[in-house]
Every structure is written in C-alpha cells, then in structure tokens.
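Chemist: Protein chains in written order, with my numbering: chain A, 1 to 198; chain B, 1 to 198.
Take the hints with a grain of salt, since some may be wrong.
Unchecked claim - Within a straight-line C-alpha distance of at most 30 Å, the following computed DSS-like cross-link-like pairs (lysine-lysine) qualify:
(1) 24/A - 77/A
(2) 141/B - 151/B
(3) 14/B - 141/A
(4) 24/A - 54/B
(5) 14/A - 54/B
(6) 77/A - 77/B
Derived from the structure by calculation, the hints contain no laboratory data.
There are 2 protein chains.
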Amino acid sequence: MNHNLTWHNMDITKSLREEQMGQKACTIWMSGLSGAGKSTIANALEKRLYAMGKKTILLDGDNVRMGLNSNLGFSDKDRIENIRRIAEVAKLMNDAGLIVITAFISPYRQDRRNAKRIIGEDFREVYVSTSIEECERRDVKGLYKAAREGKIDSFTGISSPYEIPENPDVIIDTEKMGVEECVDQILIQLHPIFEKSE
Amino acid sequence: MNHNLTWHNMDITKSLREEQMGQKACTIWMSGLSGAGKSTIANALEKRLYAMGKKTILLDGDNVRMGLNSNLGFSDKDRIENIRRIAEVAKLMNDAGLIVITAFISPYRQDRRNAKRIIGEDFREVYVSTSIEECERRDVKGLYKAAREGKIDSFTGISSPYEIPENPDVIIDTEKMGVEECVDQILIQLHPIFEKSE
C-alpha cells in the first residue's frame, strides 16, 4: 500500500476503495420486458465478473422487492419510488467501489433518466431487446397468459407501455445470441470499465 | 481460485463474495446521542479497516439523509422507516461481502431490534456511551443550545428519549478514551469477525 503518508489524514473515498478493489465502480442498468432474459444475463454476467476477480452485487426483484421496497405497491407513485430507491442504493454501492448489476423492467424513460441522474457518470444502460412476441412465446412464469386473460393489471407490454431506451450503451438481442454471447457483448462494449488495471 | 469445478453452475453467493474479499461481512451499528462521537469513531474505524485491507462502507446522515431517505421527515412513522431502510441497505451490502459501519443516533430499542431482525447474524451493536452532559458541553454543532432554547422539536436527550442499548456487543466511552483507543476497543471486542483468514 502506498497510502501510508496520507490515508490517516483523510476519509476513505470512493477512489481509494476502487483502487483497493482493483476495479472501476459502475452500475449496469438492465432494462427490458418481463421474460426478456434480464435476470439470466445478469446472473451469467456476475459469474463472469466474479471469475475475473471483480467485486459485484446484483439487485433484482428477489432481493429488493422482498426487503427495501417491500412497502411499495404498483401505483405510479410507488413505481417511481421503487426505481428511485434502487438507484440510490446502486449509487451507495458504487461509492463502496462495487460493480452493481440491476435487473428490473424499468419501462419508463423518465424513471431511467432519474436513475441516471442519481447514479451519475457510473451509469450504463443495457437494453435487453427481446420482442414482446418472443417474451410471450417463452412465457416462463405464465404471466403473459394471465395478463391476456385480464388477471394482471398494468402488465408491461400488454396493458402498460414499455418505452424503448433511446440511447442505451449496449443493446442485447437474446433472439440472436445465447446467454454467454450476450455476456461477451456487454463485456466488450463496456470494456474500458472492466479493463482498469489491478 | 479453487471454484473452477462448481462456480459456473451456481449463483454468486454471499459466502463466495466473502471468500473473494477475504473477510467476513458484518454490520457495525453505532448508536448514541448527537455529539457522542459516532461519526468520528466510525471514520477512524473505517480508516483502520482499510489499512487492514478490508472492504467497508460507512452509512451516515451525510450519504443517507441526502439520498435514499431524502423523502423522509422526522415523524414517528418516518423515523421508523428511516432506520428500516438503512438496515435493508446494510443487509444488501453484507450480502455483497462488505463490512458496513452505520452511524445514526437510532435512539429507540424497537428500531434497533428491527434493524437486528433485518440484518440477522451479521448485526453488531456498538453503544457510544458519551453522557448527555458531555455531549451538551461539547455541542459541536450548537444543536443542544438550540434545543434548550426550544428551537428544535423532539431533540434526543432533551425533549425526546434515548433508550440505552440493553445488551450491546461493545460499549465505547469517549470520556475515558481517545478516538484511536475507541477503535482499538471495537477491533478487539469484535475481533473474531476481523480475523477471518485472507
């Protein structure tokens, strides 16, 4: 460590943490329809980053909706607050030096813009562009069927809009590529972040 | 890395992250009156842990009240929600493998009990026991004077209770020890956590 002369006179900053972890912090914000493959790709991406020695955390419905955002519903107001809290947590985790991967539908441009504003320069948007037809064909959780039958209100892509990202950093087409190829694409296109010397 | 045979078939778990970071995750929850020295000790503790190669994050009023909890006031309901969100974020950060230090007055046993319930076995309570007389004498921010003059409602220790931790893991007396001694005490008394082999 080469901080002996200075570290004890200052707070531990984000850049000190990044240096210690040998990486550049960032938030990889994955957006796309239900069933598009966000969680699958996010998981595979995290495994790959782990194997590269990177320190990561994955925020998704499993660990956020059950905990931090368990007191939020699906009203417009709660939907906005849901994304805001996720972005604020991602920012804190970036400050801790971590690479954060988020996997939420996040269908509205305004909400994603707000997330970008909160997270700042560490924000990277990945659009998982799987078409509604393909998502509905897969329908892993049976949600599209239920939405078509009117059993789910405001279901993104059916009865509620999905606003396509206007200028994402990466577009991933799961209809043309396998999971590992999708991960390759993300790593290649965001590579200046991951190449930070250790 | 000795996970080559298994890691690609499983998600990246908390224990894998801890192993990668060479540490045991935990949340060091510091409680005490305004001016007790929580933030000063938390900062010094974080610097010491950094020098030991540990990966940490400090949650305090500066980075939480301005961001994640910026939409909360000081009503009973908001106070409970404030501590709940901090605990949920600490838990997520523990899942990421980090050592989390929190520095909030957190005056109510019920709230701290709730934090412990959320965070689980990683929770460690540190009571910064500086007396009200000493905090008021120091009055670094002039808040006690303002509270005595009735300019601040529900000020902990003056017009609102501070419920002393019943069974904290560490008690720190800043009236008898300097900052570095306080840090020594925390490191010694929580040492099984920090000794985890790298």
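Chemist: Which hints from the list above does the structure break, by number from lowest to highest?
Modeler: Of the numbered hints, just 1 does not hold.
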